[in-house]
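Protein chains in written order, with the working numbering: chain A, 1 to 215; chain B, 216 to 474.
If you are wondering where the hints come from, they were derived from the structure by calculation, not from laboratory data. Ideal Cβ placement from N, Cα and C applies to all residues, glycine included. It is possible that some hints are incorrect.
[Unchecked claim] What follows is a list of derived Cβ distance ranges for each label pair:
1. Ala78/A - Lys326/B: 49 to 57 Å
2. Gly149/A - Gly287/B: 24 to 32 Å
3. Asp130/A - Glu277/B: 54 to 62 Å
[As the list claims (entries may be wrong)] Derived EDC-like pairs (lysine to aspartate or glutamate); straight-line CA-CA distance at most 16 Å:
4. Lys138/A - Glu156/A
5. Lys39/A - Glu327/B
6. Lys43/A - Glu292/B
7. Lys46/A - Glu292/B
Each chain is listed here by its residues.
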Amino acid sequence: MEGIDGSGKTTQLALLAKWLKAGGHPVFMTEWNSSALVKAATKTGKKKNALTPMTFSLLHATDFADRLLYHIIPPLKAGMIVLADRYTYTAFARDVARGVDRRWVRELYSFAVKPDLAVYFRVPIDVSVDRLLARRLKLKFYEAGLDMGWSPNAVESFRIFQGKVLDEYDRLIDEYGLSVVNAVGSITDQQRVFRRLVSQHMEIEHHDELVDESA
Amino acid sequence: MTSSSTNRPEEPLAEGGGPGHYYSYAIPYLPIGNYPGKLIAIEGTDGVGRSTQIALLREWLEVQGYGVIETGWTRSELMSPTIDLAKSSNTLNKLTFVLLYATDFADRLEKEIIPALKAGFIVLSDRYIFTALARAGVRGVDRAWIRNLYGFAIAPHLVFYLKIDERTLIRRVLQSRGMDYWESGMDMKLGDDIYESFRAYQRALLKEYTPMADEFNFRVLDARRKVEVIQDELRRQIAAFLAESDAPSPLAAIGRPDV
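Work out the full structure, taking the sequences as your base and the hints as a guide.
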C-alpha cells in the first residue's frame, strides 16, 4: 500500500484487512518505520532535527531490513497475507524528493522481497493537505519537509515536499507496475476498487494452485 | 536542490571519482569540489595498534602546523546509543548490522569528514568503510550490494593497511582486552567455543581484507614490527604525499631529507 500522507491508505488497508479476515484469510500487518530497534535513533534524530536526507534514508532501510526478516518473511513462509502500510516505494519517493540519489536508493533496497501486488492510492496535494489539516492542526517537522528549508511555513513546505514525492511516485507506477487507485472518491468506492484488485490477484493465484495440483 | 540525473557514473565502487571524491554514487545535495583537506585511513583488524599510530601521527602533523581531525568507526552522536543497544541485546541480524553501521558512517561523513576536508584539515580515520566491507563479507552479505551501499563514501587519499597474521592477532587481542561477543563473530554461530569462534572469525576477516588491497589501493604495512618502525614508515609515506600538496612548513626542516 502506497500513497502520500493524507491519501487515506491506512483507512483503506484496515477495511481490506477486515474483509480478508472475514473471508478466512490469515492476515499480518506491518507498518513503515515501526521496528523497535530503529525507533530510538529516529526519535533522537528527529528531536534534535539532526537527520540528514542520507541518514534518514539509511535509518528507514535499517528499519525495513529488521521488519523484513522478522515481520514479513516469516508470515509469508507461513502462508499468510502480509499487508504492508508503505513499502520500498515510499523510500524511493520520499528519499529522492529529499535529494538522495535515485539509483543508490534502489540499489539499497535490492534485498527486499518483491510484493505480489503493490497498490498506489493517488491523491492531489490539495486533498491530502485538507485531510491532514482537518485531523490535526500542526504538521510534524520531517513530515512537512521542514528540514529541507524550502519554506519556513509548514503547510507551504508540506505542499512543496509532497509535490516532489508525487512526481517520484508517478515515475514508479510504470517502473514497478503499481496498480493505481484514485483516492479522491468516497471511502466505499475506493474500497470496492481495492477489493476488486486484490480478489483478481488472489483468483489468479488460486488458479495457479489448481493448475499445479492437476499437473 | 541539484538534479540527481547527473554525476552518477556506472563504474563499480573502487573505480570511481578518485581520492577526495565520491566512490560512485555522489550525494546529490553535497557536491564535492577540490577541497584542500586530505583523508587518510588507517585500516586493519583488532590488535594492530591503529590508535597508537594515529595518536603519534597526529602529534607529528600538528607540530608541522597541519590541522588534524580524527574520526573512528561507530562514534557518531546519532547512532552510538542505538548500536550499543543493539549489540547488547544481540538482536542484530546481519542486514540491520550492516545498515546501522552505514547510517553511522553517513552521519560522520556529512557532519565531520566532508566539512573537515572542505576546511583543509587532515582527517585521520581509525578504520574506514573497508572494516564494514570486511565484516559484511564474512557474514555472507552480497559483496556488490555492500559496495554500492557505500558508494557515497569519499575515497581516501591514502589507505594504510596494518597487516598482521592470525597467531599474532589472537595473542594481542587476548593480552589487551579479551574477546567480546561481536569481535568473536558469535553472532555467526560458528560454534559454542568462544575461542574457536574468535579464531575462525578473525581468520575469515583477514582473508576478506586480502583482495581489498588491490581493489582499494591499500598501502600494506607489516604490523608485527615495533611501533616506532611502523610509525617511521607511515611518516615517510605521508610526508612524501603531502610534499606534493602544499605543506605549511618545509618537511626537510624537521629532519626528513629522505622524502
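Consistency of the hints with the structure:
1. Ala78/A - Lys326/B: 49 to 57 Å: With a Cβ separation near 43 Å, Ala78/A and Lys326/B fall outside 49 to 57 Å, so the hint is violated.
2. Gly149/A - Gly287/B: 24 to 32 Å: Given a distance of about 30 Å, which is inside 24 to 32 Å, the answer is holds.
3. Asp130/A - Glu277/B: 54 to 62 Å: Between Asp130/A and Glu277/B, where Cβ atoms are some 59 Å apart, the hint holds.
4. Lys138/A - Glu156/A: Within the cut-off at roughly 12 Å; holds.
5. Lys39/A - Glu327/B: 24 Å, violated
6. Lys43/A - Glu292/B: OK: Lys43/A and Glu292/B at ~13 Å, within 16 Å.
7. Lys46/A - Glu292/B: At roughly 13 Å apart (the allowed maximum being 16 Å), Glu292/B and Lys46/A satisfy the hint.
Hint compliance for this structure: hints 1 and 5 are not met, and every other hint is.
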